[in-house]
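Enquirer: Letter by letter, the chains look like this.
Protein chains: 2
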Amino acid sequence: MQAEIITIGDELLLGMTVDTNSSFIATMLTEAGFTIYQITSISDSREHILKTIDEAFTRSDFVIVTGGLGPTSDDITKETIADYFNSSLVSDAATLEKISSMLKSRGLEMNENNRKQALVPDKCKVLSNERGTAPGMLFEKEGHSLVSMPGVPYEMKYIMETHIIPYIKHHFRKETIVYRTVMTYGTFEARLAEILEQFEEELSADVRLAYLPTAGIIKLRLTAGGEKREEALEKINRQIKKLQGIIPQYIYGYDGITLEETVGDLLESKSLTLGIAESCTGGRISGMITSVPGSSKYFKGAVIAYDNVVKIRELGVESAVLEKEGAVSKSIAAAMAEGVMQRLGTDFGVGTTGIAGPGGGTPEKPVGTVWIAVASAAGTVTGKFGFGMNRESNIRRASLAALNMLREQIISS
Amino acid sequence: MQAEIITIGDELLLGMTVDTNSSFIATMLTEAGFTIYQITSISDSREHILKTIDEAFTRSDFVIVTGGLGPTSDDITKETIADYFNSSLVSDAATLEKISSMLKSRGLEMNENNRKQALVPDKCKVLSNERGTAPGMLFEKEGHSLVSMPGVPYEMKYIMETHIIPYIKHHFRKETIVYRTVMTYGTFEARLAEILEQFEEELSADVRLAYLPTAGIIKLRLTAGGEKREEALEKINRQIKKLQGIIPQYIYGYDGITLEETVGDLLESKSLTLGIAESCTGGRISGMITSVPGSSKYFKGAVIAYDNVVKIRELGVESAVLEKEGAVSKSIAAAMAEGVMQRLGTDFGVGTTGIAGPGGGTPEKPVGTVWIAVASAAGTVTGKFGFGMNRESNIRRASLAALNMLREQIISS
Chain A
1 MQAEIITIGD ELLLGMTVDT NSSFIATMLT EAGFTIYQIT SISDSREHIL
51 KTIDEAFTRS DFVIVTGGLG PTSDDITKET IADYFNSSLV SDAATLEKIS
101 SMLKSRGLEM NENNRKQALV PDKCKVLSNE RGTAPGMLFE KEGHSLVSMP
151 GVPYEMKYIM ETHIIPYIKH HFRKETIVYR TVMTYGTFEA RLAEILEQFE
201 EELSADVRLA YLPTAGIIKL RLTAGGEKRE EALEKINRQI KKLQGIIPQY
251 IYGYDGITLE ETVGDLLESK SLTLGIAESC TGGRISGMIT SVPGSSKYFK
301 GAVIAYDNVV KIRELGVESA VLEKEGAVSK SIAAAMAEGV MQRLGTDFGV
351 GTTGIAGPGG GTPEKPVGTV WIAVASAAGT VTGKFGFGMN RESNIRRASL
401 AALNMLREQI ISS
Chain B
1 MQAEIITIGD ELLLGMTVDT NSSFIATMLT EAGFTIYQIT SISDSREHIL
51 KTIDEAFTRS DFVIVTGGLG PTSDDITKET IADYFNSSLV SDAATLEKIS
101 SMLKSRGLEM NENNRKQALV PDKCKVLSNE RGTAPGMLFE KEGHSLVSMP
151 GVPYEMKYIM ETHIIPYIKH HFRKETIVYR TVMTYGTFEA RLAEILEQFE
201 EELSADVRLA YLPTAGIIKL RLTAGGEKRE EALEKINRQI KKLQGIIPQY
251 IYGYDGITLE ETVGDLLESK SLTLGIAESC TGGRISGMIT SVPGSSKYFK
301 GAVIAYDNVV KIRELGVESA VLEKEGAVSK SIAAAMAEGV MQRLGTDFGV
351 GTTGIAGPGG GTPEKPVGTV WIAVASAAGT VTGKFGFGMN RESNIRRASL
401 AALNMLREQI ISS
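The listed protein sequences correspond, in order, to chains A and B.
Using the numbering used here, the first residue of the first sequence is number 1, and each one after it goes up by one.
Using the numbering used here, the first residue of the second sequence is number 1, and each one after it goes up by one.
No lab work stands behind these hints: they were computed from the structure.
Each pair may be met inside one copy or between any two copies, as identical chains are not told apart.
When the alpha-carbon atoms are kept at most 25 Å apart in a straight line, the in silico DSS-like pairs for lysine-lysine are as follows:
(1) Lys116 with Lys219
(2) Lys365 with Lys104
(3) Lys324 with Lys297
(4) Lys297 with Lys330
(5) Lys169 with Lys228
(6) Lys384 with Lys104
(7) Lys297 with Lys365
Here the structure is a predicted model, which is why all the values come from computation and not from measurement.
Sequences are here, hints too, so could you generate the full structure?
Expert: Have a look at this one:
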């Protein structure tokens, strides 16, 4: 089964919006057994919308369209798709009622724009949208299906999960493609490819390996197809066992898990607690840790000690050491980790200090220099890192390095 | 001038990677005067790559391709594009030398994969890549140009900035499309469209308005075209002046500036300092503030008080108040903001406490309930917010709300 995704909006072509909808939809369709042939982003142009839908329909069984359903005049998707299916716009009572009560709960009156949003093509199935005013629309034509959804990610996700996935399961025959990912941290793609050369050669033809590098983390994706899900999964799991023997030092988890989730799982399973003292990472590590639901079970808190005075007063760092060795030093990272552990009474303490850039570098300590420490009852370990010139990248890489050091220390605790 | 972007990689079609490259490239090409006709994401498939390039070449003057240049066997873009241009692969001495010295600096030997990366089509101009091993490639054919770059964003950006933009300026005639964005916070799209109905009606035909909503922030983009940049800009600036009169309460800045940058600019220009006490936002606000280069000038630090004990010990919150009113309350938000301001000796203190979810809600304080306080010498202001059920969205919306409250207090200080 083949599917395509079309995202509509001038903001995409002008580069003002990153298209995150496509990857979400593609993941769900892949899991449902579809192969995505193409993702096409086009502007709010009637001719281009009609042409793109027409081409997609000649190739694919299922076409998903997002965007251009807003209440403003630059949004022309609904009218255009209605014309494509020779359909007229009629007011949908249920949608009108939903919009009306949504507005009432916010203390607002219905306006012309709201009323326009309740218009739907008469030949579509209306897909209710509990998170916004524009409903989704489902069309069927000559054995093919097309869905149009709002481009707002939060609304699109609701319609995908509530309406589209059940529709797919009911409407399309299910072949199965299964993939799993092995999450690695600590090396780079070319090196990993070298280590895994023999592994790749020995892979049977029906299992495929892909390297998916993002900043600091490389996902290894293993894909297998087949009639039965269990068979395909078994093929993949055999290969994962082999990988566990070849690169155990780099594997930190599976199937998209983040380092912060892995650290959280470890802390929770061992009933341990965490405190963090951040300087150059500025709150990023705490933000990552607390992005995980339930993190309050193991995360007590953090001190973001951007100013040296805060390092001294709130973390007990000695000003003499600060003066002698500088804020970006092994001693200060260790004192920060130990200080926060002691102050917050936690089992583990993490400290980061470095030069995120773009300013602040010196010949001895260039931009990108970062010291990280992890303290626990077993003692304090430290690491020095030399990242690059880019502030955002330095903050991210330092945060990942700290989480990975913490992970290793929890495991060996 | 028309351009197209083609992004190649199975990971895009499987939904495992969000395509952030396209928006970066589209922004740069738009600024250089191109209209982007289409962005097409396709898999690592030879036939599909050839077909997509061929179609783009019939429509557009300039085609930019990213992805599929990695060292591993699933990357076939280089071979395929070489064939498209009837070109053979030859080893490029400069690239080989660069890869060799890059490996040496990391203490590594050159392997077969690295050597393969120094192969380039003989009919292309090689675009050096200082941030990775795969160089970019520029082809010209019958007045059209095609560029192929690695898909790693950090490397792609280097090649765009170092090679492509100078090439465009030299090679293509420059028409100008100018856009500016007005950044708004505090309302939603349908409401804004209603307020701006008359403004839109009065817009002259050559200025276009678009609403670009993201979580919590709506960008208003004004676009105008013309031969001269100054003329087009003048048309837009006239409309921005009008907007300043109609929605002053929602406008916080211009041209993509973030709330954290706006807050930073205000603090720096008034020589004021900031401390933050975060509970439900877990470090997100500090992370946003410190993502801005130079934030150490005004940001002293933060206490992430996830646990109530940390609120009491590190922020001086009274346990009797905690017990009586609960952690998610007006009094606690205020005590946190005042506590951090006092402890860190800053001009402003921000406090957040709430229920991010998915767990922890009660009938009186459902998930999404957040109290925010901003303290200063002028006193403490507080606000209560009711966001939704989604943890990530709640953390983000609470952080934006806190930054905006802080912005208003700094302005009126």
